[in-house]
Amino acid sequence: MKIPFVTITLNSRVLEKRELDKEETVIGRIQENDIMIDNLAVSRRHAKIHMKDGKVVIKDLGSANGTFVNGLQIDEAELKSGDIILIGKHMIKFSEEESPTVKSLAFRYGEGTVMVDAKTQEKFLEKLKNELPSPKATKPVISESSTVPKTGGLPSFKAPKLILDDGKEIEINNDFFKIGKNSDSNLKIDGLFVKSPHAKIIKRTDGTYRILSMGSFLRPTKVNGSKVKQQILQDGDIIRIGKHEMIFAL
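The number in our numbering is simply the position in the sequence shown, starting from 1, with 447 added.
Read the hints as simulated data drawn from the structure, not as lab findings.
Take the hints with a grain of salt, since some may be wrong.
Said to hold, decoys possible - Below 16 angstroms or equal to it, Euclidean Cα-Cα: the simulated EDC-like pairs (lysine to aspartate or glutamate) are: (1) K502 to D481; (2) K608 to D684; (3) K495 to E479; (4) K642 to D653; (5) K469 to E479; (6) K502 to E543; (7) K676 to D653; (8) K628 to D653; (9) K690 to D637; (10) K506 to E471; (11) K499 to E471; (12) K495 to E470; (13) K650 to D637; (14) K628 to E692; (15) K499 to E544; (16) K464 to D530; (17) K669 to D684; (18) K464 to E544; (19) K506 to D485; (20) K669 to E618; (21) K502 to E479; (22) K615 to E543; (23) K449 to E466; (24) K650 to E618; (25) K635 to D684; (26) K449 to D507; (27) K506 to D481; (28) K540 to E463; (29) K527 to E544; (30) K469 to E543; (31) K502 to D530; (32) K506 to E523; (33) K464 to E525; (34) K540 to E466; (35) K674 to D684; (36) K499 to E463; (37) K506 to E544; (38) K635 to D653.
Construct all of the structure, not just a fragment, from the sequences and the given hints.
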């Protein structure tokens, strides 16, 4: 007998692999849920997976940012093995196997649901679309004009960019791209917790980009919710400096 389970990832990093061994499995940010994804983009009670008429079904529980299956926003949908669910900024793969390996991890980021703006959500839906084994949606929510590459690495004809929280796009056209409150910064941002400079995005010889933080413990640079001193950036990574959030896009 095949066992249903889900694999939760954030930017291709596996956070949790969980067998669905209950008739109803609730997913959300608070600890009382069966599966806790403690991230600000996830609602307290976001969605549930349950049995209905002999089928495995996912139902949105009135979440702030919505629940998506294979690129389509749903209220309720039947799940098939291989389906990709997007909840907040996390991708969840539904599978049915004979004996899944189960792991359980939880990451805490804070209190209160943070709304994912339209640009951010579109970016993650595009990434979800690119990770699907085969397209199932006939009316995709994401923009078909997006030029995000499906594989890592930097195209030789196009510089990466930062998509700011106001929707503005800033091209990273300098091998030592500075972010901070100084007037000579390539991206000038203000705020009490922003330094001068606060971070640099450096192009490496292999064509990838590394972010280097000059922030402090109280004034950190965060990538995907975690404090970093330096890190190789991947397409879709979310950088936070002070009150400012931006997406690194190839």
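Satisfaction of hint between E692 and K628, Cα-Cα up to 16 angstroms: Answer holds: K628 to E692 is near 15 angstroms, not above 16 angstroms.
Pairwise hint evaluation, D481 against K506, where the allowed Cα distance is 16 angstroms at most: holds, 15 angstroms
Pairwise hint evaluation, D684 against K674, where the allowed Cα distance is 16 angstroms at most: holds, 13 angstroms
Pair hint K502 and E479, alpha-carbon separation not exceeding 16 angstroms: Not OK: K502 and E479 at ~25 angstroms, beyond 16 angstroms, violated.
Hinted pair K669 and E618, Cα distance within 16 angstroms: violated, 20 angstroms
Restraint status (C-alpha distance of K650 to E618 at most 16 angstroms): holds, 13 angstroms
Given hint D653 paired with K642 - CA-CA distance at most 16 angstroms: Cα-Cα ~29 angstroms, so violated.
Hinted pair K502 and D481, Cα distance within 16 angstroms: violated, 19 angstroms
Distance restraint between K499 and E463, which requires alpha-carbon spacing of 16 angstroms or less: With a Cα-Cα distance of about 25 angstroms, the restraint between K499 and E463 is violated, given a limit of 16 angstroms.
Proposed proximity, D530 with K502 (alpha carbon, max 16 angstroms): holds, 14 angstroms
Holds or violated: K540 to E463, with C-alpha atoms at most 16 angstroms apart: With Cα atoms ~11 angstroms apart, K540 and E463 stay inside 16 angstroms; holds.
K615 paired with E543 [C-alpha distance capped at 16 angstroms]: violated, 41 angstroms
Violated hints, in rising order: 1, 4, 7, 8, 13, 15, 19, 20, 21, 22, 25, 26, 33, 36, 37, 38; the structure is consistent with all others.
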